[in-house]
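2 protein chains.
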Amino acid sequence: MTEAPFIAVVEDDPEIRALAVSLLERENFDAAACENAAALDDLLTRRTPDLIILDVMMPGEDGLSVCRRISAQGGPPIMLVTAKGDDIDRIIGLEIGADDYLPKPFHPRELVARARAILRRASSTTASALPSSGGHLFRFEGWSLDPAARGLLDPDGLPVELSAGEFELLSAFVQHPQRVLSRDFLMDWTKGRDATPFDRAVDVALSRLRRKLRDDPQSPKFIRTVRNGGYLFAPRVERA
Amino acid sequence: MTEAPFIAVVEDDPEIRALAVSLLERENFDAAACENAAALDDLLTRRTPDLIILDVMMPGEDGLSVCRRISAQGGPPIMLVTAKGDDIDRIIGLEIGADDYLPKPFHPRELVARARAILRRASSTTASALPSSGGHLFRFEGWSLDPAARGLLDPDGLPVELSAGEFELLSAFVQHPQRVLSRDFLMDWTKGRDATPFDRAVDVALSRLRRKLRDDPQSPKFIRTVRNGGYLFAPRVERA
DNA sequence: CCGGCGCCGTTACACGCCGTTACAAGGTTG
DNA sequence: CAACCTTGTAACGGCGTGTAACGGCGCCGG
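Respectively, the protein sequence lines represent chains A and B.
Under our numbering, the letters of the first sequence match residues 398 to 637, in that order.
Under our numbering, the letters of the second sequence match residues 398 to 637, in that order.
In case anyone wonders, no lab produced these hints; they're calculated from the structure.
Be aware that a few hints might be false.
Any copy will do: because identical chains look the same in the list, a pair fits if it lies in one copy or spans two.
[Claimed, not checked] Derived lysine-lysine pairs resembling DSSO-like cross-links, with alpha carbons at most 30 Å apart:
| # | residue 1 | residue 2 |
| --- | --- | --- |
| 1 | K618 | K588 |
| 2 | K609 | K501 |
| 3 | K609 | K588 |
| 4 | K501 | K618 |
| 5 | K501 | K588 |
With these hints in hand, go ahead and build the complete structure from the sequences.
Laid out in structure tokens, this is it:
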């Protein structure tokens, strides 16, 4: 990455705003917080974000209105964040020029993944002809994981069926390779909740994932156990 | 396509008026906005619409009155738009010559679907009066879905019969590919209503759609199940 | 107005995911 | 070496999902 993409987060709830900013910064984005539409307008006079993440329900000018205004003049891509179940707003949102939307409450990883996807789409002028996906693939040791289509191919190119939990788990690893990921982190990533005491859910899910990756826990090629620490994804991961 | 049907939208609220016009134009109709009955009369001296979409509650002459006047002289078909749940208006509306009735707030898609239905009914030559797929055809894995003609072609170009519900469901997917769509979202999209507890309607509809797409639920190429989340359309979709 | 037909919502049941539990196999500590 | 920890995983069962079957309802042709 040449330079960190700049993302504006427009959200009135201070807690969610701070959460979103910290999530993005943790993933090495450059994030700026705006508490309302006016603050965004002010920011836009000084810098042009690569992406605007916009809450729909806000005091003052609401997100749909801001979205309409900005996309009408060909501004940066916009991701709308809407309260859960507000489907009509969602549909209209896309029709008035938003590039994506995210239902609230959102999973931390969803926010980051979708931001990445939009930025990639916006920056790539080349139409990639990758099989069955809009673009992004994670490759490791001949395997490839398609996060958009939620599919995994083994080194022979044969599809391997992953359950929802296994897919989320593997996603966490390929997006954070060569780092020790604690069980707490993995629990939060895959389920969005904290582990209860004596919770073995991660261990069992991991055991099942290892089997599908044909990884031997005695001498693992992919997922190494770090005693008292968590797990570590050993292969080098390419983003293609 | 012979020529885009011409639709007049009579509605005093500028936001709803703009929304309706933009929805119709997106579907290749030719739409004209009128902010009141007088503007409609003015328009009628110049062009005859194929359909008039008419708000009931308006300052000045109200929609019922306009409807009575126009249908009495055998004018174009009329769709009334009224405040929600106003059954009396509904009955009166249909008795004084309206062809259909749309409760407000309406689903964006519902407006378009009903407009299409009326035009189809009104014109003896069914398909030719509707805007053809000109700009809108969704292709995925060799299949193609024509939203205007409501038809699906398999990779060999053979037509596959879809029921209304199946078509709406597939529409939702091709317009939101590679995104997890919740059952709530799909219910709202296809029926415009909320799911009741233990509602399996979406699951069953989806199962039927999968069969027509010849998609194996055990290792789906098209529609993947995301447990506790919803469904995801995996293929890359092109708009042609 | 009647009867057939097709759509689709409901129901019922089968099946597979995954969280829990239990136990085994190391490792660690004293 | 004993006691205790951590981790791997088989087994079990609750529950979410797939889908066959049934039947109500609306549509359409007599």
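Here's how the hints hold up against the structure:
no. : hint        : result
1   : K618 x K588 : both (26 Å within a copy, 25 Å between copies)
2   : K609 x K501 : neither (33 Å within a copy, 33 Å between copies)
3   : K609 x K588 : within (20 Å within a copy, 33 Å between copies)
4   : K501 x K618 : between (38 Å within a copy, 29 Å between copies)
5   : K501 x K588 : both (15 Å within a copy, 23 Å between copies)
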